[in-house]
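Student: Residues per chain are reported as follows:
Number of protein chains: 2
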Amino acid sequence: MKIGIVGLGLIGGSLGLDLRDRGLKVLGVSRQSQTCQKAVERGVVDEASQDLALLKESEIIFICTPIGLILPVLQDLIPLINPETVITDVGSVKAPIVDQCSPLWPNFVGGHPMAGTAEQGIDAAQRDLFVGRSYVLTSTDHTPLVALRKVEEIARSLGAIIEICPPEIHDQAVAWISHLPVMISASLIDACMSERETIVLQWAQKFASSGFRDTSRVGGGNPELGMMMAQYNKTAVLRSLMQYRQSLDQFINYIEQDNWETLEQLLKSTQQVRNQFLD
Amino acid sequence: MKIGIVGLGLIGGSLGLDLRDRGLKVLGVSRQSQTCQKAVERGVVDEASQDLALLKESEIIFICTPIGLILPVLQDLIPLINPETVITDVGSVKAPIVDQCSPLWPNFVGGHPMAGTAEQGIDAAQRDLFVGRSYVLTSTDHTPLVALRKVEEIARSLGAIIEICPPEIHDQAVAWISHLPVMISASLIDACMSERETIVLQWAQKFASSGFRDTSRVGGGNPELGMMMAQYNKTAVLRSLMQYRQSLDQFINYIEQDNWETLEQLLKSTQQVRNQFLD
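From first to last, the protein sequence lines stand for chains A and V.
FYI, in the numbering used here the residues of the first sequence are 3 to 281.
FYI, in the numbering used here the residues of the second sequence are 3 to 281.
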């Protein structure tokens, strides 16, 4: 079976390494000739090209580009491939992608392997990146079951945990646990930098340790990815941000009003509730 | 030299282990007889008692209780000890402690070893907890230099990096990098739980991974400690929270207005600026 991959970064590259390990023939397309060369050298793909025509006989194609390029890549692929080809993507937002791609290509299955790292690009590609991680596949009334099963089988072979979920629910859920954290974490860094007393800022920089490190981590991540999360998942991200601001105001109010007992109760409940997310 | 420690939890207990390793005689006081017993068994102290009178011949006394008990413990110690005894504390807020304790005991030196872990209590006490961590000592116009040097010498012997800083500056700096993160992280957990669509909440709980884990970590920490940070450092914490809300509103505005270019610029600057805190 021939598998096509468009976009040979962290996710596309790691996918290539694993699929070749499982004996599949992997064909890769990148816009950059240097990436194509590296992909072949590192054994990420069997063949690489800057031309999508390389993928014309692939049974399944993974589009692993940044979110904004998924639709244009699909449009460019359509004249080249046969209608049985299953196309899937790995974007971290699903509803707008599925809404745009499914009408153009019935055998489209939205996907989101939840396997990011701090690194980007083909140099960050690694074997077994997906082992034990959630790999979300979206299902709508129009998703052909046979196409869903094909992507599911491959994702399962990577060692991932398959989760099948409607695109809109996926987007609202990841707004809470992935996109909202980026915005509030970046706001922390931005707020710290607004300190006008130089001496306070200098000591803050000196004192910063694990608490600041962890809370600010995702706010110091890939800016393009953060921006695209907000852009493509705007409604759900704003919905979470508005609710977050209410929670924040509640903390501020308790502190302003010296309502320490209620503040401690609230912190007890957040301590307990966190375990429901991370068990 | 005899060293006294009041409060045999994570910090007091770890301090005892290290100081005994360095050949000092360590006397410990805890309110609970069980903790006294454990402290002797585990070699945290040479002798332990529930009675502060045990410490009457100590050259230096470390008060390692929760913040709210530092002043009462000092008041109880005063009739028992001689005026040369140096007293220091390990509370994470300094100005209110120093303001209250220094007039009562001229040989008082405020201290804050920045060496927390997720664990609490004597069972969490460990050797070398302070190695390579900042140990802040506060200095005011009234702090006797000889007292400051005595505490400094001991803190340095633990392998800590000594930082000397006015109490108010310390409090504003830790509001940014320690206390504010607790409030915004706890607000994240609280906001997630406000999700009324059960199916979205369930998927969010299932999808939560490293981004949520890191951003929510300090918000799921010790509720009593979080409450006391806000209570004792109220002015600085509110000041940071107000500025944080402005930063957050800026992110919300850019998203509402589809101002993606500016949002990406802002995320680029937070990515860069974070390195100034964590080098």
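Watch out, some of these pointers could steer you wrong.
Remember, identical chains collapse to one label, so a pair may be satisfied in a single copy or spanning two.
Claimed, not checked - Listed below are the simulated DMTMM-like cross-link pairs for lysine to aspartate or glutamate, each with C-alpha atoms no more than 20 angstroms apart in a straight line:
#, residue 1, residue 2
1, K270, D260
2, K152, D23
3, K270, E121
4, K236, E199
5, K236, D251
These aren't lab readings, by the way, just hints derived from the structure by calculation.
Student: Hint by hint, say whether it matches the structure.
Tutor: Right, here's what the structure says about each hint:
1. K270 with D260: within (17 angstroms within a copy, 37 angstroms between copies)
2. K152 with D23: Answer is within: at 18 angstroms inside a copy they meet the 20 angstroms cutoff, but 63 angstroms across does not.
3. K270 with E121: Only across copies: K270 and E121 sit 15 angstroms apart there, 35 angstroms inside one copy, limit 20 angstroms.
4. K236 with E199: between (35 angstroms within a copy, 18 angstroms between copies)
5. K236 with D251: Classified as between: cross-chain Cα gap 15 angstroms, same-chain 22 angstroms, threshold 20 angstroms.
Every hint, counting from the list given before, is met by this structure.
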